[in-house]
Amino acid sequence: MKHRGKRLFVVDLDGTFLRDDKSLSGQDKNALVKLRRMGVVTAVATGRSLYSFQKIMSELGVNGSESAFPVDYVIFSTGAGIIDFPTGAILTKKSLNAGDINVISGILDGYNLDYMIHRSIPDTKHFIYKYCTKSNSDFETRLKIYKEHGTILTAENLAGFGEATEVLCIVDRLTGIEVADHLAAVFSQYSVIKATSPMDKRSIWIEIFAKGVSKSMAVSWLSERVGAARALVGAVGNDYNDEDMLDWAGQGYLVANGPESLQSDYPIVASNNEGGVAEAVSRWIAEMGM
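Numbering (the working numbering), first residue to last: 5 to 294.
None of these hints come from the bench; they were simulated from the model.
Note that the coordinates shown come from a computational prediction; the quantities given were computed from them, not determined experimentally.
Please note that a few of the clues may not be correct.
Distance windows between CB atoms, simulated [what the hints assert, rightly or not]:
1) 230 / 178: 41 to 47 Å
2) 162 / 94: 34 to 40 Å
3) 291 / 106: 45 to 51 Å
4) 164 / 88: 29 to 35 Å
5) 91 / 216: 21 to 27 Å
6) 9 / 63: 50 to 56 Å
7) 179 / 271: 29 to 35 Å
8) 136 / 40: 42 to 48 Å
9) 138 / 287: 34 to 40 Å
10) 40 / 228: 16 to 22 Å
11) 161 / 215: 38 to 44 Å
12) 160 / 136: 32 to 38 Å
13) 59 / 160: 25 to 31 Å
14) 40 / 234: 18 to 24 Å
C-beta: ideal position from N, C-alpha, C; glycine also.
Construct the complete structure from the given sequences, taking the supplied hints into account.
Spelled out as structure tokens, the structure:
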């Protein structure tokens, strides 16, 4: 059956569109080129901040080129912001206010959790942090990567911090899912999203955003902007922070390297190292009758 109307296809970045070595597969990239030639709007939805996204684009040698990175929009910081690509114009952004940050910080201190508070978009790379456990290797790795942008949290710099994009907790893999579910209940007035660490592939990252921040909400906003009905939206992802997006889309796909606990919930395509995006695009085109 052929479905009529504007279409949108959304791809997660790390672990989905990017291979494990952080390179782009030619067949996956060509699949998005094909979609754009067919009039489909394409987008990336990543947990990376705008700074981190721009950094990986520079490392890939993309530098804003649509031919090298064939997407129309980028959803970043798990949906806290959206840019037009390749112009880089920020279309929408959401933040936690100073009162939110004080509440969240106080509760996390009570749980003795390690966390970072990132400034509002577009200055998300700057953060203050509290390292409570002193035994969190993934947290330490992230501090080393962004050492020039981080400052130890004090009462003074917390009070003058202003708005924030997110509060990020990093928890070990043995208790991470349980802690994430608990914090989701504690912070029900916010958006709490868990993801597997993109660094050690084991720890759990728990991101606390303003209410309404998620990949699915960002895709919904984008679909309205481009005029694509929900049924005509396709998406492919690899992790827990993609679940809501895959559920919201008219058709969602999970790459084979996704968590085993999610693999019964979505159609499985090849892994990120074996052309999973290209397979998802091919199946979606067939299902759309294009």
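Results of checking the hints against the structure:
1. 230 / 178: 41 to 47 Å: holds (42 Å)
2. 162 / 94: 34 to 40 Å: Violated - the Cβ-Cβ distance for residue 162 and residue 94, about 26 Å, lies outside 34 to 40 Å.
3. 291 / 106: 45 to 51 Å: holds (48 Å)
4. 164 / 88: 29 to 35 Å: Holds - the Cβ-Cβ distance for residue 164 and residue 88, about 32 Å, lies within 29 to 35 Å.
5. 91 / 216: 21 to 27 Å: 25 Å Cβ-Cβ, so the 21 to 27 Å window holds.
6. 9 / 63: 50 to 56 Å: violated (37 Å)
7. 179 / 271: 29 to 35 Å: holds (31 Å)
8. 136 / 40: 42 to 48 Å: Roughly 47 Å apart at Cβ, these two residues keep to the hinted range, so it holds.
9. 138 / 287: 34 to 40 Å: violated (47 Å)
10. 40 / 228: 16 to 22 Å: holds (20 Å)
11. 161 / 215: 38 to 44 Å: violated (25 Å)
12. 160 / 136: 32 to 38 Å: violated (19 Å)
13. 59 / 160: 25 to 31 Å: holds (30 Å)
14. 40 / 234: 18 to 24 Å: holds (21 Å)
The structure does not agree with the numbered hints 2, 6, 9, 11 and 12 stated previously, though it agrees with the rest.
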